[in-house]
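J.: For reference, the chains in residue letters:
Protein chains: 2
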Amino acid sequence: MKWWLFALSAGLAVAGFGVELSFDGVDRQINERKPGWLSKAEALRPTLYRETLKPVGTVKVVEDAQSFQRLKIGETGNDTATADFILDFGRHLTGYFRFKLKAGSNPLDFPLRLRFVFGETLAEVVGNPDEKPTGLSRAWFQDEVVNIDFIPGEVALPRRYAFRYVRCVVPEFNRAKQKFSFDGFSAEAVTSANPINLAEGRFGNEEERRLDTIALNTLRDCMQTMFEDGPKRDRRLWLGDLRLQALANYETYRNFNLVKRCLYLLAGLSDQDNMVRTDCYDQPSPHRGDCAILDYTALYASTLLEYLEASGDRATAEDLWPIALKQLQITLRDVDENGLFKKSPMWCFIDWDSKLDRQAPEQGVLLYGLKRTIELADKLGRRDQVAAVEPLVQKMVTAARESLWDAERKLFVSGPDRQVSMASQIWMVLSGAVTGQDAKDCLLNAAKVPDVRKPFTPYLRNYWIEALDVAGLRDTARKELLEYWGGMAKRGADTFWEGFVPEDDFFSPYGNHLINSYCHAWSCAPCYFLRRWAAPAR
Amino acid sequence: MKWWLFALSAGLAVAGFGVELSFDGVDRQINERKPGWLSKAEALRPTLYRETLKPVGTVKVVEDAQSFQRLKIGETGNDTATADFILDFGRHLTGYFRFKLKAGSNPLDFPLRLRFVFGETLAEVVGNPDEKPTGLSRAWFQDEVVNIDFIPGEVALPRRYAFRYVRCVVPEFNRAKQKFSFDGFSAEAVTSANPINLAEGRFGNEEERRLDTIALNTLRDCMQTMFEDGPKRDRRLWLGDLRLQALANYETYRNFNLVKRCLYLLAGLSDQDNMVRTDCYDQPSPHRGDCAILDYTALYASTLLEYLEASGDRATAEDLWPIALKQLQITLRDVDENGLFKKSPMWCFIDWDSKLDRQAPEQGVLLYGLKRTIELADKLGRRDQVAAVEPLVQKMVTAARESLWDAERKLFVSGPDRQVSMASQIWMVLSGAVTGQDAKDCLLNAAKVPDVRKPFTPYLRNYWIEALDVAGLRDTARKELLEYWGGMAKRGADTFWEGFVPEDDFFSPYGNHLINSYCHAWSCAPCYFLRRWAAPAR
Chain A
0 MKWWLFALSA GLAVAGFGVE LSFDGVDRQI NERKPGWLSK AEALRPTLYR ETLKPVGTVK
60 VVEDAQSFQR LKIGETGNDT ATADFILDFG RHLTGYFRFK LKAGSNPLDF PLRLRFVFGE
120 TLAEVVGNPD EKPTGLSRAW FQDEVVNIDF IPGEVALPRR YAFRYVRCVV PEFNRAKQKF
180 SFDGFSAEAV TSANPINLAE GRFGNEEERR LDTIALNTLR DCMQTMFEDG PKRDRRLWLG
240 DLRLQALANY ETYRNFNLVK RCLYLLAGLS DQDNMVRTDC YDQPSPHRGD CAILDYTALY
300 ASTLLEYLEA SGDRATAEDL WPIALKQLQI TLRDVDENGL FKKSPMWCFI DWDSKLDRQA
360 PEQGVLLYGL KRTIELADKL GRRDQVAAVE PLVQKMVTAA RESLWDAERK LFVSGPDRQV
420 SMASQIWMVL SGAVTGQDAK DCLLNAAKVP DVRKPFTPYL RNYWIEALDV AGLRDTARKE
480 LLEYWGGMAK RGADTFWEGF VPEDDFFSPY GNHLINSYCH AWSCAPCYFL RRWAAPAR
Chain B
0 MKWWLFALSA GLAVAGFGVE LSFDGVDRQI NERKPGWLSK AEALRPTLYR ETLKPVGTVK
60 VVEDAQSFQR LKIGETGNDT ATADFILDFG RHLTGYFRFK LKAGSNPLDF PLRLRFVFGE
120 TLAEVVGNPD EKPTGLSRAW FQDEVVNIDF IPGEVALPRR YAFRYVRCVV PEFNRAKQKF
180 SFDGFSAEAV TSANPINLAE GRFGNEEERR LDTIALNTLR DCMQTMFEDG PKRDRRLWLG
240 DLRLQALANY ETYRNFNLVK RCLYLLAGLS DQDNMVRTDC YDQPSPHRGD CAILDYTALY
300 ASTLLEYLEA SGDRATAEDL WPIALKQLQI TLRDVDENGL FKKSPMWCFI DWDSKLDRQA
360 PEQGVLLYGL KRTIELADKL GRRDQVAAVE PLVQKMVTAA RESLWDAERK LFVSGPDRQV
420 SMASQIWMVL SGAVTGQDAK DCLLNAAKVP DVRKPFTPYL RNYWIEALDV AGLRDTARKE
480 LLEYWGGMAK RGADTFWEGF VPEDDFFSPY GNHLINSYCH AWSCAPCYFL RRWAAPAR
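Residue numbers (numbering that gives the first Met the number 0), protein chains in the order written: chain A, 0 to 537; chain B, 0 to 537.
Chain A extracted, bound-state conformation (with noise of 0.2 Å):
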């Protein structure tokens, strides 16, 4: 209850800034051009590329106590006619999986009911996803009961599932087997990723360029529709993986008009407030999803300014800037009149760690916003429409400075506790309230706490990777990039997690590691640090 009272006032207090005055007229523009923003993301609609895909082979799966969970692909061979097979494509894809029967020489006498499992993992498709709850709904783990009435025939699956191994059980088979055969597989992997736009990149090594293709896979996996956080789980796009996505798109796919539609989609769905909401679903028509996650909201002017930049497309920039705008009225009404954030009733995301103090890391995103969309208003020339809130940013960093940073040990700390975390520092230095000395000392001096809580998700990793830039650190930057995500590819991934904790093959924000997304656009950093860092300074 006092949560909330507190987030009142302090609306109130921002409202103090005088903040909503040079708004009002922002709110008027948003909702004549709402409807317009929402037609505009439909005829971005993008047409898919369509690849057809036969598998490899079959596979048997063995346990291996040195492998990635504990298994490996033992024996491989093309059998298709035993009870309980493994195929392999070789390859994650995000698509369709369809088969043709063939009848025996006996006729089939009985429906066959036929069990498939899609696996971006091996653990997947040998698992048994019943056997440890999760908090997230069971269906996320795909696997189908079909029936068949009829053979011969084609039987196409009719969902759309990401995987590299489908699993076929065939529980009748002892009868069946003169009745019927498998008579080929295939999958068709979808994708709004056109590989042709893609530019050969320079590497220092074979292990970067092999981070770099799995980062593309992951990345053209998830490039559907619309960005897609992951096409297994949630097939959402979400503002915070949008940005990474789009800024990783940009070195290499350039699919422009995929991230337009993505920030027409997210601009569209505003909520009555026009607060752009953290995700959005495509099918079966666009919608909002419930989440209202601060630190993605305040990113919006930032993917929106480096959409600007990347593709040089003044007119939408023009377009959407009110909506950028509005989100500053929204992101720093619970920044108090000192300019130092306290707590929000929205969701303050920053990492999947309960544990995590969010004060400082959320005053360094609320600040890094609140910077972009000045640089934003600045590029379209509209200064004069956020003179009012310039003051702030000083504010903001003064506060930073006098009641987060420890001068003693040279970093931030955050919240009643003065937790010392990388999250803080990650984000005080992207939002440049610490420059210089400071910034690397705070990175580094964090590091070496023993308590400090690190970085659990790729997301956050990321953010690590390009503090360590900014502050310039790129040799630890190249080297923790190098350590976290070859350390995904040494376990074998073909795209990279949703999560990765390398003392823990078996780690789920979930209870259950089957039902963990293991092509997870937010970990898709490689492509982006390796191209630009192998690019001229730009």
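Since the hints were derived computationally from the structure, they do not count as laboratory data.
Please note that the accuracy of each hint is not assured.
Since the list can't tell identical chains apart, any single copy or any two copies may satisfy a pair.
Lysine-lysine pairs mimicking BS3-like chemistry, simulated, CA-CA at most 30 Å apart [what the hints assert, rightly or not]:
hint : residue 1 : residue 2
1    : 101       : 33
2    : 409       : 101
3    : 489       : 71
Fit chain B to the given chain A structure using the hints.
T.: Just chain B now, kept in the frame of chain A:
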């Protein structure tokens, strides 16, 4: 081994009757016409009548020791917002199922995994098919797991089911309830029985009318693109079932073309020896089953003769005459030179009773088939073609009286152990091997023998009624009919069953009653007999 050798020599013995000589030209005729027969069957593929049905409500199922299979309908209502509910469509139907899903106030943020169980009976929807092993495929149990990615939307399940009840299990319900709701269910009932052709029956009382109605519904739901034995299982055309369906159909829906189509299917799909096999499938394209039941094949000519009599379609009878005649060669090859049947390598069915000795009943069926073929020849002016086999009629009657008639007890016995069964008396009476008082005696005497093998299936029960009637015992026939089929009606049958053992509600030929067919055409006798008995003698 010995059995097969015997069969071979029996075949040669038939050659000794000179039967082959007169059939030589027949094989050539059959081979010339066979492709055309399949084309004619295809041209006769019927348009199905379609009716959309809504559920009458939801039902709770409660245990009740007095009810069929110890289950009855308890509370009724209309609540589809629970995690597990049962829809009642109020009648049995063969057809399709669809439903609509409506979005809730919050977006659905995971796929829905729904389970649907279709049941002809209450036991099927509340039972667990995996609890008891069955000799048949688990897939005959009609359940589907359906994963749904997007709502709102309409979902049409792709397969055809036979059901009155549909259970819907919503495993994610607790999380899902604010996120979706069902927005209507419907079924599309399909049949090739046109109710417009149905003449009003005249019945002695309400009980008879009720049995007629249940039988009509049984017949209706088995009339699809061909006469199916059961729309749940096997969904196949079986020659033995066809004959009973055709006879009932002439008294009711009068779809002569459907019988014609089935006669052409069986003829067109006869094997390389021109044997009319026992069963066939219509999808994905017409093909032969792998069963060869001697007593079914022996009834092909009779089925054709009855079609000719009912429809007056002489052209079809002429067209199919060669293959009807040909079956004599096949069915009589296991009759020895004295006119006695002993054993056959073919499947001798007669009834689902593994302890039944088949000698006498098969002797009766084969003799019946022979006589009906001669009748058909007579009708078509082809008596010359059967002249060589006509003496065999008396030979077989004599063999039956000499080897199988127990003059002391006035009944037929069968096999080396001189088994007394109703099946023996039934087929001897129907074949005319015994008439007058002897016919009455054998039927009634056998029924009194303590360990007599009684009819097990409604299929043989049908011939029991027929034999009583033929023997001039119509009152007993009527009483037996009302008692047996009335027993199913009392137990709440919507359609008549594949199997009914009054003292065992859980009887199944397959080890699990959940796999039984509860709408089975060979059980449609009431509408045949009751309507014939009411009509003026023909």
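J.: Determine for every hint whether it applies to the structure shown.
T.: Tested hints:
Proximity of residue 101 to residue 33 under the C-alpha cut-off of 30 Å is restricted to the inter-copy arrangement: shortest distance 25 Å between copies versus 53 Å within a copy. Taking identical chains as interchangeable, the C-alpha atoms of residue 409 and residue 101 are never at most 30 Å apart, the minima being 71 Å within one chain and 55 Å between chains. Proximity of residue 489 and residue 71 under a CA criterion of 30 Å is satisfied intra-copy only: 13 Å inside one chain copy versus 60 Å between copies.
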